[in-house]
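**Q** Listed below, chain by chain, are the residues.
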Amino acid sequence: MRVNMEMNITEKFELSDGITILACEGYDPDFDVIGKNFHLIFCGEVRQTLKISGERILLNQKANLGQRAFEIRDIVLLSPEEARSGNWQLSAV
Amino acid sequence: MPGIMTRQFVKGLHYKTVYKILISLSGKSAYGVGRDHEGMQQKLVQLLLNKHIKVYKLSAIHYSKILMEQNNVLITNARTIDRVTHRSAENLLDKQLKLNLELCLILSARWKEKIRMDDQFWALAWYSRLTVVSGGALNTIVDSIVGLVKLGAVVIEGIYDASLYQLKIIGQLSQGEFAQVQRELTKLGVDAASDIDALQQHIKDGYEIIEPLLEDDKSRKILMDFLSGYVDSVPYVEKGAFAVSIPLEVLIALASMGAGTVVTASGSIRRLGQFSGHALELILDLSRTIKRFKQRIMVDAESPHRISSAIPAQPAITSPGTSGNMNVKGILTNKINMRSPTDLMGIEAASPKLISAISRKRDVVIAKPGSEELRMLDYFEAEASVGGINSTHILLRENPSRAAILEEFLHGTQTRLGITDRLGTTGLGSAETHVKDFMIRHQKMLGLSDEDVQILQILKDEGL
Numbered sequence: 001m002r003v004n005m006e007m008n009i010t011e012k013f014e015l016s017d018g019i020t021i022l023a024c025e026g027y028d029p030d031f032d033v034i035g036k037n038f039h040l041i042f043c044g045e046v047r048q049t050l051k052i053s054g055e056r057i058l059l060n061q062k063a064n065l066g067q068r069a070f071e072i073r074d075i076v077l078l079s080p081e082e083a084r085s086g087n088w089q090l091s092a093v
Numbered sequence: 001m002p003g004i005m006t007r008q009f010v011k012g013l014h015y016k017t018v019y020k021i022l023i024s025l026s027g028k029s030a031y032g033v034g035r036d037h038e039g040m041q042q043k044l045v046q047l048l049l050n051k052h053i054k055v056y057k058l059s060a061i062h063y064s065k066i067l068m069e070q071n072n073v074l075i076t077n078a079r080t081i082d083r084v085t086h087r088s089a090e091n092l093l094d095k096q097l098k099l100n101l102e103l104c105l106i107l108s109a110r111w112k113e114k115i116r117m118d119d120q121f122w123a124l125a126w127y128s129r130l131t132v133v134s135g136g137a138l139n140t141i142v143d144s145i146v147g148l149v150k151l152g153a154v155v156i157e158g159i160y161d162a163s164l165y166q167l168k169i170i171g172q173l174s175q176g177e178f179a180q181v182q183r184e185l186t187k188l189g190v191d192a193a194s195d196i197d198a199l200q201q202h203i204k205d206g207y208e209i210i211e212p213l214l215e216d217d218k219s220r221k222i223l224m225d226f227l228s229g230y231v232d233s234v235p236y237v238e239k240g241a242f243a244v245s246i247p248l249e250v251l252i253a254l255a256s257m258g259a260g261t262v263v264t265a266s267g268s269i270r271r272l273g274q275f276s277g278h279a280l281e282l283i284l285d286l287s288r289t290i291k292r293f294k295q296r297i298m299v300d301a302e303s304p305h306r307i308s309s310a311i312p313a314q315p316a317i318t319s320p321g322t323s324g325n326m327n328v329k330g331i332l333t334n335k336i337n338m339r340s341p342t343d344l345m346g347i348e349a350a351s352p353k354l355i356s357a358i359s360r361k362r363d364v365v366i367a368k369p370g371s372e373e374l375r376m377l378d379y380f381e382a383e384a385s386v387g388g389i390n391s392t393h394i395l396l397r398e399n400p401s402r403a404a405i406l407e408e409f410l411h412g413t414q415t416r417l418g419i420t421d422r423l424g425t426t427g428l429g430s431a432e433t434h435v436k437d438f439m440i441r442h443q444k445m446l447g448l449s450d451e452d453v454q455i456l457q458i459l460k461d462e463g464l
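Those protein sequence lines, which keep their order, are chains R and H.
No gaps in the numbering here: position 85 of the first sequence is 85 in this note's numbering, and each next residue is one more.
No gaps in the numbering here: position 151 of the second sequence is 151 in this note's numbering, and each next residue is one more.
Not one of these hints is a red herring.
Taking lysine-lysine pairs in the DSS-like style, the calculated list, with each CA pair at most 27 Å apart, reads:
| hint | chain 1 | residue 1 | chain 2 | residue 2 |
| --- | --- | --- | --- | --- |
| 1 | H | K294 | H | K204 |
| 2 | R | K51 | R | K36 |
| 3 | R | K62 | H | K368 |
| 4 | H | K368 | H | K353 |
| 5 | R | K62 | H | K460 |
| 6 | H | K221 | H | K444 |
Interface residues of chain H toward chain R, partial, derived using beta-carbon atoms under 10 Å:
| hint | residue |
| --- | --- |
| 7 | D363 |
| 8 | V365 |
| 9 | S371 |
| 10 | E373 |
| 11 | M376 |
| 12 | L377 |
| 13 | D378 |
| 14 | Y379 |
| 15 | F380 |
| 16 | E381 |
| 17 | V386 |
| 18 | G387 |
| 19 | I389 |
| 20 | E407 |
| 21 | H411 |
Across the chosen pairs, the derived CB separations fall in these ranges:
| hint | chain 1 | residue 1 | chain 2 | residue 2 | range |
| --- | --- | --- | --- | --- | --- |
| 22 | H | P369 | R | R84 | 17 to 27 Å |
| 23 | H | K291 | R | V46 | 47 to 57 Å |
| 24 | H | R422 | R | G44 | 33 to 43 Å |
| 25 | H | D450 | R | E14 | 33 to 43 Å |
Derived by calculation from the structure, the hints in this document are not laboratory data.
The beta-carbon is built from N, C-alpha and C at its ideal position, and this holds for glycine as well.
The shape of chain R in the complex, shown without the other chains:
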């Protein structure tokens, strides 16, 4: 069965060890995203396919509680402004 799992990107961080963190909301908490491939989509158009390699555990998180921080080891073709625009989604392949 094809799973149609989508989530919205809200912010992007490029850590100094080369890993990109995408803050996302609107995800299905029951869907295990780790190790899965996702399309990077804007208005139904796919720019890139990415793999979520892990998730950051955030200790004593106080803000943006509905969001999760996913780790991506691929180069993410998305500018910080685009990430913050709220127009970009990750859709499970």
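Following the hints, put chain H in place on chain R, whose structure we already have.
**A** Relative to the frame of chain R, chain H by itself:
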């Protein structure tokens, strides 16, 4: 075919002895040791129960491979040492292997005595055994100078898979006790200090010699294996309150040797604390070599990869935005979704030593102003974060709390042990609860304040 491998000297027992026992167990008659099958079996069980030997189940290929492994400092034999010795007089591994061999010889001698004494002890009637133990329990300072044991030691504690160590000064010496210590040190061939201040300086100098070994992964492993093996080798009647520690006279002797006061330790000092004079010489030599390696590494800032391979224990504290030794690892996935959404932050600050100890096992990054790391922590208003392969990449704010770094460290251990997968990541009874429960129960060992424990308790009760 599964094979069985033991160390060449496993906690003091020569590998040939183990081999003979195993041959006898298999019912074969190699080396003529297969006759007393039952006796040998009992002997093996006794050795296993006493933690005298460690047996690993391996494939036949692994068996020969591991025995020939030159980088495994716990598997030492003369042939391996010869091979690495030829390379260079400055060879770190060579010095580690030589030290390990010397320490194994010490344990080997101790085990002979332990077995003899234990055999005598267990042969006694039960009421006699009680008398012996109650007398023996008072004797908790075997092989150490009484006054110095009162003063302190280098105490080594294990927390999950990290070893924390510190120089603990727990008391003061009176003039009378100092004079006694002075006499005993002189008798042992150590240059005793002229006054208490000088003695304390000797202790500090000695600690500076032993510290590089404790900071280096392989060298620490050798020392830990020896010290815990030494505790195991204490005869039953003398066990008392033995702990894994290095007594102060060892530090004093090292300081004297480092200053050149003791010309040849192996000649003038025969035995000190758990160590032989030769072992102390080797420790001093190894310490100097590690220091030289570190100096070279500091100069050679352009080769970050050489840093981690030369001295694996080199603390991996890195600051984003600075050129340096960030450890980038391969791609693996993890399945973590743990959160602590609360404003309850840790109170007690983490000491540089704790951060350094955890850095030996994890990549610890302090988020500096202007870095993406700090921007991310600010965005989520989080105190710290952990991620990466098996949760080994810890991101901290400047001046992190002790509770924060310990919790992030322990999350990594949970992931590695499969606890996270087993318990899940959110809610009551999850890995979050598990780690906080562990921290509360081990408040003293982890050095957490009462306030930190109260916070942890609230977080735990809320399932956060």
